[in-house]
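Protein chains: 4
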Amino acid sequence: MYSFKNDYSEGAHPRILNSLMESNFEQVEGYGEDGYTQQAVELLKQRIGRNDIDIHLLSGGTQTNLTAISAFLRPHEAVISANTGHILVHETGAIEATGHKVISIEVTNGKLNDSHIKAALDSHTDEHMVKPKLVYISNPTEIGSIYNKAELEQISRFCKENNLYLFMDGARLGSALCSEESNLDLSDLATLVDAFYIGGTKNGALMGEALVICRDSLKEDFRFYMKQKGALLAKGRLLGIQFLELFRDNLYFDLAKHANKMAALLRAEIGKAGFKFLVYSPSNQLFPIFPDSLITELHKNYSFYVWSKVDADHSAVRLVTSWSTKEDQVLAFIEDMKNALKQRHKWLH
Amino acid sequence: MYSFKNDYSEGAHPRILNSLMESNFEQVEGYGEDGYTQQAVELLKQRIGRNDIDIHLLSGGTQTNLTAISAFLRPHEAVISANTGHILVHETGAIEATGHKVISIEVTNGKLNDSHIKAALDSHTDEHMVKPKLVYISNPTEIGSIYNKAELEQISRFCKENNLYLFMDGARLGSALCSEESNLDLSDLATLVDAFYIGGTKNGALMGEALVICRDSLKEDFRFYMKQKGALLAKGRLLGIQFLELFRDNLYFDLAKHANKMAALLRAEIGKAGFKFLVYSPSNQLFPIFPDSLITELHKNYSFYVWSKVDADHSAVRLVTSWSTKEDQVLAFIEDMKNALKQRHKWLH
Amino acid sequence: MYSFKNDYSEGAHPRILNSLMESNFEQVEGYGEDGYTQQAVELLKQRIGRNDIDIHLLSGGTQTNLTAISAFLRPHEAVISANTGHILVHETGAIEATGHKVISIEVTNGKLNDSHIKAALDSHTDEHMVKPKLVYISNPTEIGSIYNKAELEQISRFCKENNLYLFMDGARLGSALCSEESNLDLSDLATLVDAFYIGGTKNGALMGEALVICRDSLKEDFRFYMKQKGALLAKGRLLGIQFLELFRDNLYFDLAKHANKMAALLRAEIGKAGFKFLVYSPSNQLFPIFPDSLITELHKNYSFYVWSKVDADHSAVRLVTSWSTKEDQVLAFIEDMKNALKQRHKWLH
Amino acid sequence: MYSFKNDYSEGAHPRILNSLMESNFEQVEGYGEDGYTQQAVELLKQRIGRNDIDIHLLSGGTQTNLTAISAFLRPHEAVISANTGHILVHETGAIEATGHKVISIEVTNGKLNDSHIKAALDSHTDEHMVKPKLVYISNPTEIGSIYNKAELEQISRFCKENNLYLFMDGARLGSALCSEESNLDLSDLATLVDAFYIGGTKNGALMGEALVICRDSLKEDFRFYMKQKGALLAKGRLLGIQFLELFRDNLYFDLAKHANKMAALLRAEIGKAGFKFLVYSPSNQLFPIFPDSLITELHKNYSFYVWSKVDADHSAVRLVTSWSTKEDQVLAFIEDMKNALKQRHKWLH
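Just so you know, the protein sequences line up as chains A, B, C and D, in that order. Residue 6 is where the first sequence starts when you use my numbering, and the numbers rise one by one after that. Residue 6 is where the second sequence starts when you use my numbering, and the numbers rise one by one after that. Residue 6 is where the third sequence starts when you use my numbering, and the numbers rise one by one after that. Residue 6 is where the fourth sequence starts when you use my numbering, and the numbers rise one by one after that.
Hints in this document: simulated from the structure, not taken from any laboratory. Accuracy of the hints is not assured; some may be wrong.
Claimed, not checked - Which stretches of chain B does chain C cover? Using the computed rule of at least three CB atoms under 8 Å from a CB of chain C, they are:
no.	region
1	75-89
2	132-139
3	154-163
Stated by the list, open to error - Calculated from the model, a selection of chain A residues having no Cβ within reach of chain C, i.e. all distances over 12 Å:
no.	residue
4	30
5	82
6	101
7	256
8	262
9	272
10	273
11	275
No residue lacks a Cβ here, since even glycine has one placed at the ideal position from N, Cα and C.
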């Protein structure tokens, strides 16, 4: 049984474990004030090409979202999110638990644009309603689509004009930036959004997200919020060492490229076999629509999620590749898919 | 420069890193539903000797405190804590941030007893005040003292009689239970308190606290709270593997015993040298009162915190030992202390 | 300029002011422990026909909603509401500010039914999502529609079967219960819902809502929540005296009937004049669709809200009647409407 | 039985009820956007002598404290309060329920000074602790003492130098400002504190506190916070009309002076009779220390709170006078006290 369920099924890239081993007995300061974390932060600033940004390392996506968003907003301010937004549905009301409404915008491809945001502003007119203040986008989105530079510039401009914060959830940011269809890089993000994070957990780390705060007014006292939300690890080195290893060279991007390459293989062959996709996703998540009989067949050797029922006999499934996905398993999956189709064809005739 | 600043200066016990290595490429379920976590939980239940308890693995102490306490209490209910309680001072208002008052009780040795708790109940009489509901104790306390069985039984009985929850912060629980003066074991805790946690971060793990919920009414839906507070790691295996390794045999207790042994060495020699302690602490934290000149001398080769000014020329310092404290460094510290005293003596004559 | 903007444009029914006058210099206990409040509560229990309910008097609708809902729910539990729900849009995120998500259900007539609720349950499947726990309905709804007994029984049964709380916002409850199309009375509500409130502010009181808690498990310590949310008035008598006066005889219902009668007059004549309504509303709020030119004409002598644009030349407006609406003003409005139409007709020919 | 229990035992000053009567059928805007509220706000600005302040009318003290303080602070910021502070003990954790710690400072007379505040700052040194940001003082304090101008200037200067907000709870502000020992007036407050409120509930209104926000940065969006906390009354006129009446002439101050005069009568005679006071209080609350036997005797005809046990045979009681306290009842109380003492004297001989 091989799993395409998600991109956090395995541990960490071996270089990360080695790095933890090598540094293990060095005595360092706690709570992220160690040299490794400081080096990681400096290195990230270089890779982003900016010195006027603040970077903090946190453990996971939900923790980063809730800590940052609650730090940025005043009590009556709300978040605007696509209806597929992770914070909207899959974080057990973590944002609301900090006191803030998340306004849902119905979209088809997981992506917000300026007219969506304008509609939310237009419908919130006075003090009897929350005040929309932070636009939450994910790149890639929760359904695998990505933002290109023009799209992000449009949103960014609109947010600046309307005094809104723009926040990018980058849990799978590596896959977005390394997509063949992306024309964005880290330095673009620092220019276009107010805060974003570089997801480590889903791209080769044991855990870890690097939150980048670009807007000056959002930087103050951020470590207080981290501590208050339980996000300041005593052994902060654990995060520092990992990001140092991931960005020491191109490891972070190489891992993301591998995930994307594996997805591309699947995408191409599934397409060739005549299947459609629920949504176009040029990143490491695919949502092909399969006959239910094929799903049953494939589930014998592969685990993956059935995403949604499409019609009486078909469902969309989710296939996720990662830094650790094995090419031979991808090829085997494709082979098994083809064989199942042949069998079916034979049986039909 | 050798550090006695705290018990989280190094990484993890090598067996833990090895175990992470060995399991690294196995594909497992996310969010703590993997086999390692399940095994760790089963193992912990065996070690505690109880099947009717729930166990959850979280990343750190503040996260565990805030997730558990906010899950257990209704909005108007408050926590009773000794004035030295970690949640009261050193967690940036994490409990208050979830909506609950922490009532401070002035004590001398870090420990609560039933009359302290009674006083808090007696002064909260009606709906114009919060309703004290959860008693927070730490074992060892934040200043190194420990509870014995009779003391814990007294508090436990009082809490039961008054319908209060008893919660034990066990960030350094290993050191408390392995203290030569302790007559408590894990199974006693499960009988006497409603919830407690077994701290891994400060006893050899990279991170991790095992929260044990003993009272039935507090168990429901706990994973919802973990997710909502950002405490459900995608790679939950990281916690499962560590606790599995720590409790597979006696590693957890062996590590704590080593820390205590190193502290005992320091305690004995510091006492012999004629120094007093700010508080009696039979665990891995010591608070000797040194002349400021000696502190200056020792700070040349050792890092440790100056805890509080005692008089014009003396201060209490905090020395912390751990699973990874090296005996030769302890001996060197003692030697340096003695030499400094000799020098001083000579110079005085 | 006569106002049909809302049902809180005037002060209070004169009997209420008289009653405040007469009792003014009597010394009574504070915070709702006075004899007037106790009498009002007893009287309300009689009118509802139940002794096993708890009743609390609060100042306004938002305050009642946020105090009750946050008292009833545990942190991970969420509210299900129609997309028109007052708490969802018009209370500045008051519920979210207490930590709870409000799940929006798209409906056409402001009313929830069991299949709506089932859909919300079905889409919230595990601990990565909030747990839907309280169903919020308004009667009448925010757009004037009302629940009949069969509808409420259906929802009530579904909630009981699925262990959900059913909460009814009764800001305009008088108008709903006194609607000619209603077959519900106060005693039905106490049987069918877990908590509801009897709105005074919009039916003749200066301010005041009587919250009725029917489910035993929701009663405990409620005065603590009121105090914590700033909902316990020092001069609680102010609320007690008003409800005592409203329910001493049939005043409360008489006032609601007058409001409904005035609405019926408008509804009938507007209908006769050939206009449609945005929604069918047999209570004291009407949403006729008028030509924009007619709205301009009517706005010369009457104030009322333009509710929504319907097409290029038509808008729905909101007309609200109340206990204090003057019949001659209603007749004048109808007359002016007819005249405007005649003028227009003439002009068109 | 005459009550000296508190200053909210009666209804409102008759002029207020008359004013409600006279305006009753006028149709006005809701939610504090009516002309009465606007006039009241303008009038208050004149009386304070400042145009650059924002004024909002709320219902009660706890509501005002929690709405203002939670609006002013960011999540990690805390309040500094004397240990007698109303928010600390008698508001059911209302401030903590909005997420903020209240730091208690032990004082003897209910009053903070700059060295108290400095001590709180000095003990909160880094991101592991909350950040003290708002200083909460009450004038008069909860035990009747008052701040003079020099004391308030000292605190104000310290707060400005340390970038702290200074907030004054003025639930009984009339009594403080009208005390013979006060040298402060409303315009001083607007200069020296960042926000304060003028309490109506305890000085002749049915309910109502006028919150004055002096610091520009605290003004923004305040009506959003009021709505979110349930503090925006639909019939906001109810508050506007009352403050308009209280400040149309000197009514507010006349009422406070009467309360103070009645307290002065009691204070003088109790002193002459040889009794001491728990605390020196030149406002409308007195805390004389009486023999328990005298308390029993006086309780036959007067209700008042026993405040605290002083020794085996003596207790401090609280006597509160108000705008509505009757002079003949005060004289009767004094007479009864004297008679009881004579009886006791006789009996002793």
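A quick look at each hint next to the structure:
no.: 1; hint: 75-89; verdict: holds (count 5)
no.: 2; hint: 132-139; verdict: holds (count 4)
no.: 3; hint: 154-163; verdict: violated (count 0)
no.: 4; hint: 30; verdict: holds, 38 Å
no.: 5; hint: 82; verdict: violated, 9 Å
no.: 6; hint: 101; verdict: violated, 4 Å
no.: 7; hint: 256; verdict: holds, 30 Å
no.: 8; hint: 262; verdict: holds, 29 Å
no.: 9; hint: 272; verdict: holds, 27 Å
no.: 10; hint: 273; verdict: holds, 31 Å
no.: 11; hint: 275; verdict: holds, 27 Å
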